[in-house]
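Undergrad: Heads up: the sequence lines are chains A and B, in that order.
For the first sequence, counting from 1, position 168 maps to 168 in my numbering; every step adds exactly one.
For the second sequence, counting from 1, position 123 maps to 123 in my numbering; every step adds exactly one.
It should be emphasised that the hints constitute simulated quantities derived from the structure, not laboratory data.
Hints may contain errors.
Put simply, identical chains are the same to the list, so a pair is met inside one copy or across any two.
Here are the simulated BS3-like cross-link-like pairs (lysine-lysine), alpha carbons at most 30 angstroms apart as the crow flies [claimed, not checked]: (1) 2 to 204; (2) 208 to 95; (3) 29 to 128; (4) 383 to 173; (5) 204 to 96; (6) 366 to 383; (7) 128 to 366.
Residues per chain are reported as follows:
There are 2 protein chains.
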Amino acid sequence: MKQMEDYLPIVGEKVVYDIYKKASKLYDKHLVHVNSTFIGGGVAEILNKLVPLTNDTGLDAGWRVLHGNLEFYDITKKMHNALQGSTDSLKEEDKKTYLGVNNAFASYTHFDHDCIVIHDPQPLSLIKYINKRQPWIWRCHIDLTNPNPEFWNFIKPFILRYDLMIVSSEQYKKDDIPVEQRVIQPAIDPLAPKNIALSEQRCKDILKEAGIPTDKPIITQVSRMDKWKDPEGLLKIFEKVKKKVDCRLLYTYNLATDDPEGVDIFNRIKQSVRDLHFKDDILFVLGNNDYLVNAIQTFSDVVIQKSIREGFCLCVTEAMWKGTPVVASNVGGIPVQIDDGDNGYLFKPDDYQGFADSIIELLKNKRLAQTIGKSGRDKIKQKFLLPRLLKDYLTIMYDVLK
Amino acid sequence: MKQMEDYLPIVGEKVVYDIYKKASKLYDKHLVHVNSTFIGGGVAEILNKLVPLTNDTGLDAGWRVLHGNLEFYDITKKMHNALQGSTDSLKEEDKKTYLGVNNAFASYTHFDHDCIVIHDPQPLSLIKYINKRQPWIWRCHIDLTNPNPEFWNFIKPFILRYDLMIVSSEQYKKDDIPVEQRVIQPAIDPLAPKNIALSEQRCKDILKEAGIPTDKPIITQVSRMDKWKDPEGLLKIFEKVKKKVDCRLLYTYNLATDDPEGVDIFNRIKQSVRDLHFKDDILFVLGNNDYLVNAIQTFSDVVIQKSIREGFCLCVTEAMWKGTPVVASNVGGIPVQIDDGDNGYLFKPDDYQGFADSIIELLKNKRLAQTIGKSGRDKIKQKFLLPRLLKDYLTIMYDVLK
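Extracted from the complex, chain A is given alone in its bound form (with noise of 0.2 angstroms):
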């Protein structure tokens, strides 16, 4: 486990003194965060890492994982969706078993806490059958610029109740809702496994051992098996690179278990792939190792997030981290990380040719990959490590409990 010392050399004494200074003023405060998962996806991630290190600081932090099912995973899959704007309808018998669950967790969960944040849609509704004798924060990581009304008319009695609303973007802030709103931008850790400096020799290795050549330049789309990431649109613009450069592209999904679309769409995009020509050079890579997500984003030449929607986009933060030049969509987080044309290239999601286009040059212009990649790098550095993300906190915590 790691400790604040540890972020020294990386982030500079100054950023972790600030820290210490800020946690000084919550000793003895207990807070505690809640999510529907610790396997897979951003927020996982994030709290795999954050919460420990809010420990080292002083304080008591816990972490609670909703008990859900997999009808209720479902369910929060499609709310997850309708919150980023698809056109669905909320059935009576889906709104029993999410509040159901809610309320089952809740018998059991006994909140002696100081403060209790609520990570995304599955746990919201915890608060309506808790006795809440704190302030409670709700910490919304999708893009909620353009909800479905009626899921979003669902669960605003909920948010009501809170004392705070986070959100990873200011376009994401919310006109229609009195709750008091306030931005925190995610961040990655740089000392974990999956953002660690490999050398050029350890990432071959771990991609040979993979079973990935390294003969041909190399795209890479990390992303979960998902409609928002746009799989359908990544083979058309790798159609049209590959006119150009013979090149290799990399999919590397993960599947979460509260994911259960995941596998689907997998076999549809396995399904159109038969039939391309090129299918040879099109490979799929389980991500279920971080030194491996780590090697190929590193080793990668370039990589692209052709996503529709994004809450902020943490793949984005891991590739720009290290280094190697981003083609994305100009969605969610995504602009707040990239400067078009600076650190990295955005397009609108439908602009299959301006993709294609700087794919290319960057494939074929190796000094320009270099200095966007090196640019991407500082901005990560300045802005998305995890030490910030942890001063974020502890300012919110001290300002809502002064």
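Since chain A is already given, all that's left is putting chain B on it; use the hints.
TA: Just chain B, lined up with the frame of chain A:
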């Protein structure tokens, strides 16, 4: 969610009143259960019912799930098998991963409870990393009759730290450890969707919807895909039965998030079925819906449990509760439930002919099947329902806290 009153019609006033009296001596006490999964497997199923019901009696009871990862589950599955007797060796790296997960979880887990109940080996070593300030109980659900010594010696030092160890059967008590040991037999929840009474027509409807034909007698095994459930042996017995009675075998399997072996075994079994001439009468049914499992157990003519090792085997309890005659291996907790020839039949795991003959007789002799089934239901009603389990826990809680 169920309350104590709901059990009155099944277990009677005396049992419910006894529970209230025991609970009244424990008001204000706060206990917490810790296991390693909230979906799949018998332990999760019990806690899912036991914990809310404990809260209904006036105590505070919590339930935490250890946050593992895929590597950890691979190791703890191996550990589970080895503690049940399989030959395997424990790598230093495995120990490190096992302890690392427990250590990390301990770093953000703050127990201010009056009593901690740790289930099975996965979170056993938590006690090493947490400042112990209350009684800790290790509740071991597995068959420790003949553990692999290397693994047993690895976990023994952790068990020594505990105040009490609970096993599922007298014969699982260990001579070579000084920790006090008690027996608690598991139980099923008669009000859960998996166990409530379903009419014959309802069963037929559910089976029809699941695509399970009902035109031939049905023999069923419900179990994880696991070598200890001996799916190969099951097929051999079915082959013998099939020669005498035209019937169908349902293998109703389920997959747990902490059981990565399941998929491999499933694929192997499907492969071996492919060559059988009666393969069309062997159906694999994913038991991911409690009503479906209930309907299958209720509607089946015979339930078989061809296990080589068992902790207690709640699948047998469930089938007996439904009045379905059970033919099972004489291992683990099964002989505690079945009195051979009276309320079911027991055979040595390698006595394929005995299994087959007994099943054939039950398929042919309807009256015998009914008598055995009814006796089975009576036995479960008296000894293996949830309120009795709750009472046992309250007794132990009182004893360790007095």
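Undergrad: One pair to classify: residue 128 and residue 366, alpha carbons no more than 30 angstroms apart. Within, between, both, or neither?
TA: neither (56 angstroms within a copy, 52 angstroms between copies)
Undergrad: Within, between, both or neither: how does the pair residue 2, residue 204 come out at a Cα-Cα threshold of 30 angstroms?
TA: within (27 angstroms within a copy, 57 angstroms between copies)
Undergrad: As a check of your reading, is residue 366 near residue 383 (CA-CA no more than 30 angstroms) within one copy, between copies, both or neither?
TA: within (26 angstroms within a copy, 74 angstroms between copies)
Undergrad: Taking 30 angstroms as the upper bound on the Cα-Cα distance, should residue 29 and residue 128 be classified as within, between, both, or neither?
TA: Both. Shortest intra-copy (24 angstroms) and inter-copy (24 angstroms) distances satisfy the 30 angstroms Cα cut-off.
Undergrad: When no copy is specified for residue 204 and residue 96, does a C-alpha distance of 30 angstroms or less occur within a copy, between copies, both, or neither?
TA: So residue 204 and residue 96 pass the 30 angstroms test across copies only (26 angstroms; inside, 51 angstroms).
Undergrad: Using 30 angstroms as the alpha carbon limit, work out where residue 208 and residue 95 are close: within a copy, between copies, both or neither.
TA: between (48 angstroms within a copy, 27 angstroms between copies)
Undergrad: First find the shortest C-alpha distance between residue 383 and residue 173 inside one copy, then the shortest across copies, and answer within, between, both or neither for a cut-off of 30 angstroms.
TA: Intra 20 angstroms, inter 57 angstroms, cutoff 30 angstroms: intra-copy only.
Comparing the model with each numbered hint stated earlier shows that hint 7 is the single one that does not hold.
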